[in-house]
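> End of the sequence shown = 759 in this note's numbering, gap-free, step of one.
The set of hints was computed from the structure by calculation and includes no laboratory data. None of the values given here were measured: they were computed from a predicted structure. Be aware that a few hints might be false.
The calculated label-pair distances, taken between Cβ atoms and stated as ranges, are [said to hold, decoys possible]:
(1) Val262 / Asp316: 40 to 46 Å
(2) Ser449 / Phe351: 33 to 39 Å
(3) Trp486 / Gly260: 35 to 41 Å
(4) Ala437 / Arg643: 56 to 62 Å
(5) His176 / Gly701: 41 to 47 Å
(6) Pro487 / Arg734: 36 to 42 Å
(7) Gly681 / Val262: 26 to 32 Å
(8) Thr454 / Glu401: 20 to 26 Å
(9) Glu401 / His176: 56 to 62 Å
(10) Pro662 / Ala437: 51 to 57 Å
(11) Ile337 / Ala518: 25 to 31 Å
(12) Ala437 / His176: 55 to 61 Å
Even for Gly, the Cβ is constructed at its ideal location relative to N, Cα and C.
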Amino acid sequence: MRRSSLRWRGPRRRSRLRWLWWTLLALAVLAAGFAAWALLPESAGGDVAGLDAVAERYDATIARDEWGIPHVVGPTNEDVAYGLAYAHAEDDFPTIQHSILAARGELATVLGRDGAPNDYLVGLLRVWDTMAERYETDVSPEVRRIADAYADGLNHYAALHPGDALVGLFPVTGEDVVATSVHKSPLFFGLEETFLELFEEEDPREVSERFGEDAFGSNVLAVGPTRSAEGGTLFVSNSHQPWEGPVAWYEASVHSDEGWNVSGALFPSMPVFALGTNGDLAWSFTVNHPDLVDVYRLEVDPDDETRYRFDGDWRDFEIRSIPIRVKLFGRFRWTFHREALWTEYGPAVRRPHGTFAIRYAGMGLAGIYEQLFRMSLASSYEEWAEPLRDQSGLASFNVGYADRTGTVGYVYHGLLPQRSGAYDWSLDLPGTTSETLWTDYLPFDRLPALVDPAAGFVQNANSTPFDTTGWPDDPAADDYPATFGIETYPTNRSLRAQRLLDADPSISLDDLLAVKFDRTYDADSAVARWRDRLAALDVEAFARSHDLDPAPIRAAVTTLSAWDLRANLTSRGMALMGITLTYVYDVADEDDRIDFDPSRLTEATVPDDVLELAFADAIAWLVEHHGRVDPPWGEVNRLRRGDVDLPVAGGPDLLRAVYGERSDDGTLEGIAGDAYVLVVAWDRSGTPSARAVHQYGSSTLDEDSPHYADQAELFVEERFRPVPLTADAALEAAVITYRPGEED
Numbered sequence: 016m017r018r019s020s021l022r023w024r025g026p027r028r029r030s031r032l033r034w035l036w037w038t039l040l041a042l043a044v045l046a047a048g049f050a051a052w053a054l055l056p057e058s059a060g061g062d063v064a065g066l067d068a069v070a071e072r073y074d075a076t077i078a079r080d081e082w083g084i085p086h087v088v089g090p091t092n093e094d095v096a097y098g099l100a101y102a103h104a105e106d107d108f109p110t111i112q113h114s115i116l117a118a119r120g121e122l123a124t125v126l127g128r129d130g131a132p133n134d135y136l137v138g139l140l141r142v143w144d145t146m147a148e149r150y151e152t153d154v155s156p157e158v159r160r161i162a163d164a165y166a167d168g169l170n171h172y173a174a175l176h177p178g179d180a181l182v183g184l185f186p187v188t189g190e191d192v193v194a195t196s197v198h199k200s201p202l203f204f205g206l207e208e209t210f211l212e213l214f215e216e217e218d219p220r221e222v223s224e225r226f227g228e229d230a231f232g233s234n235v236l237a238v239g240p241t242r243s244a245e246g247g248t249l250f251v252s253n254s255h256q257p258w259e260g261p262v263a264w265y266e267a268s269v270h271s272d273e274g275w276n277v278s279g280a281l282f283p284s285m286p287v288f289a290l291g292t293n294g295d296l297a298w299s300f301t302v303n304h305p306d307l308v309d310v311y312r313l314e315v316d317p318d319d320e321t322r323y324r325f326d327g328d329w330r331d332f333e334i335r336s337i338p339i340r341v342k343l344f345g346r347f348r349w350t351f352h353r354e355a356l357w358t359e360y361g362p363a364v365r366r367p368h369g370t371f372a373i374r375y376a377g378m379g380l381a382g383i384y385e386q387l388f389r390m391s392l393a394s395s396y397e398e399w400a401e402p403l404r405d406q407s408g409l410a411s412f413n414v415g416y417a418d419r420t421g422t423v424g425y426v427y428h429g430l431l432p433q434r435s436g437a438y439d440w441s442l443d444l445p446g447t448t449s450e451t452l453w454t455d456y457l458p459f460d461r462l463p464a465l466v467d468p469a470a471g472f473v474q475n476a477n478s479t480p481f482d483t484t485g486w487p488d489d490p491a492a493d494d495y496p497a498t499f500g501i502e503t504y505p506t507n508r509s510l511r512a513q514r515l516l517d518a519d520p521s522i523s524l525d526d527l528l529a530v531k532f533d534r535t536y537d538a539d540s541a542v543a544r545w546r547d548r549l550a551a552l553d554v555e556a557f558a559r560s561h562d563l564d565p566a567p568i569r570a571a572v573t574t575l576s577a578w579d580l581r582a583n584l585t586s587r588g589m590a591l592m593g594i595t596l597t598y599v600y601d602v603a604d605e606d607d608r609i610d611f612d613p614s615r616l617t618e619a620t621v622p623d624d625v626l627e628l629a630f631a632d633a634i635a636w637l638v639e640h641h642g643r644v645d646p647p648w649g650e651v652n653r654l655r656r657g658d659v660d661l662p663v664a665g666g667p668d669l670l671r672a673v674y675g676e677r678s679d680d681g682t683l684e685g686i687a688g689d690a691y692v693l694v695v696a697w698d699r700s701g702t703p704s705a706r707a708v709h710q711y712g713s714s715t716l717d718e719d720s721p722h723y724a725d726q727a728e729l730f731v732e733e734r735f736r737p738v739p740l741t742a743d744a745a746l747e748a749a750v751i752t753y754r755p756g757e758e759d
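Can you make the complete structure from the sequences, with help from the hints?
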């Protein structure tokens, strides 16, 4: 039996071994083939073939001036929207594509794990539910056609440049374009920071108890005829933004025979202008900081985690699984799933320290581009303000206004939740009661606002609306309860603007530009207090306690004592204070107890020990890199772009705002602050003229373009170039004109 058994097992074993060998070989071949496929470089994966046919539907001419700025001319609004998209794609196609991918919740397919948090947030906030529910109600057919035309401009460009098109993105639709506004809007008032806090390991947040019954910055300046030396109207738009990335300014103009004529700036993937002028009027935004986000602590059923308590009953969570498709390597992607909860308040997340719901202003609205488009068509203040009255999208921002008739105005705009006065809304809220569930906003006409104030000017620099002119007709703080969280503090920029404008009874355009480029810290600023505190430092005691050489500390104290609070290129003390501020910010970034925001250096509070150690670090850094504690500010503060390396005046929270990061070569490289600056002036008869400057140039990413940094020298020298305000002027200023796709 044993032999017989062995005789028959041998062939079977060999057969099985052969089967196993062939199986392993096949798997190895498949694995090798998969690896080769996965590691291949990707080309355009979308259906770009044939998308260039959309060009037949449009008639647009792109006229680029000597600075490369595109001015798009065409018979219809759709024509110029299509041309605007094509021109912007020529200058910044990667950023536009990433913005649209981010709004789709597909950023991780390109960026890998770095894009996953964005994609989770898109699903959690139900961006595309909002689009399905509100696209046709919040966005008019006219603006939907503009969005479609803008999408067609991107599709046309992708079809002609398939090697630059991202896998799976095309064709882009008008809904994709509008979704970018729904996606980006809450990021301007800090929604992502709230989520980051919830995802910390510890829970430092406090919960409000019921205590009673209901009871990185920007500047905008406008001067009316009663205050201007020329008897006309003056306006400066100076909205601070990062110098690169998805919210960096791009300058352009459109001129349609249907009446859409705007020169201004927008972000990548925007089919309309965020700010600018149409010749009749001009407007601009600065970021404000009302309380627009609330966090609710939920009580989850201990016997059933799918339920939470609300008004005495158990309610079911709406539970979804968010698919997040993540690029791991090459072409290989894997789909991960994350839970998304929805409650009466809005989205919710489970954390080890509790389950939290979020509610924020503008949630579920999609009308931002509708509002901006209608504002850009207006010819009077009433027409311009009407879209904001709709409260269909824009959730925040101060707004400055001026027009050819001499009207100047300011609105502390925001969707301010009308909340119960029985809770402290700066803390977390009980998530068990409809008392904390707000549903209405303060109407537009009750927001803090000024139109044609007696002072003859308005200003805002991310500062309180209650000190816009310094005159009695400023909005009254007592009219607005604390539940709105409206700022009551000035910034250094607003202090300086207020003092300089108020002291000048006859403000010329040169006077106004001198205010805009002011480089001085106010005597009431935190920087002035810190200078005095450090100038009084006991050098010997400080050096002994920290085992430091007293000589450079003594030199630094002497330098600061003589510093005049200015940030000119030749200023000696500004390098010490500027680098000290960067070290304070590093500490504040890690310690939430320190109230330090470099864009508002009046209310900032920094403990003595933190300030002094930051000062010591700044001294060591300057000595290491410059061999002295008092190098001129222009040697330290730099604008760098490709081969361009220029000294730039200004600094944090100055009207000439420049925010930089320390680099390894001993400089501060500018990354944000003054960016696109637009100046509009109307003479006594109402005839407009405009000038502008950009920190870099019109070509955002192409280092080989002559317009990659051609405005940098103008920018650091605080000079401007003219802006054409009509189609005829744009065509006359053009050095090249072409139809999209025919530029070669």
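> Range hint 56 to 62 Å: satisfied by the CB atoms of alanine 437 and arginine 643?
holds, 59 Å
> Against the range 20 to 26 Å, how does the distance between the Cβ atoms of threonine 454 and glutamate 401 compare: consistent or not?
holds, 23 Å
> Can you tell me whether the CB distance of serine 449 to phenylalanine 351 sits inside 33 to 39 Å?
holds, 35 Å
> Honestly, do glutamate 401 and histidine 176 meet the 56 to 62 Å range at C-beta?
Given a distance of about 40 Å, which is not inside 56 to 62 Å, the answer is violated.
> Is the gap between the beta carbons of isoleucine 337 and alanine 518 within 25 to 31 Å?
Violated, at about 56 Å.
> How does the Cβ-Cβ distance of histidine 176 and glycine 701 compare with 41 to 47 Å: does it lie in that range?
holds, 44 Å
> Has the hinted range 26 to 32 Å been met by the Cβ atoms of glycine 681 and valine 262?
Given range 26 to 32 Å: holds, Cβ gap about 29 Å.
> Between alanine 437 and histidine 176, does the beta-carbon spacing fit 55 to 61 Å?
holds, 58 Å
> Is the gap between the beta carbons of valine 262 and aspartate 316 within 40 to 46 Å?
holds, 41 Å
> Using the beta carbons of proline 662 and alanine 437, state whether their distance is inside 51 to 57 Å or not.
Hint holds: Cβ distance 55 Å, inside 51 to 57 Å.
> Has the hinted range 35 to 41 Å been met by the Cβ atoms of tryptophan 486 and glycine 260?
holds, 39 Å
> Looking only at beta-carbon atoms, does the pair proline 487, arginine 734 fall within the given range of 36 to 42 Å?
Since proline 487 and arginine 734 have Cβ atoms about 38 Å apart, the given range 36 to 42 Å holds.
Violated hints for the displayed structure, listed by number in ascending order: 9 and 11.
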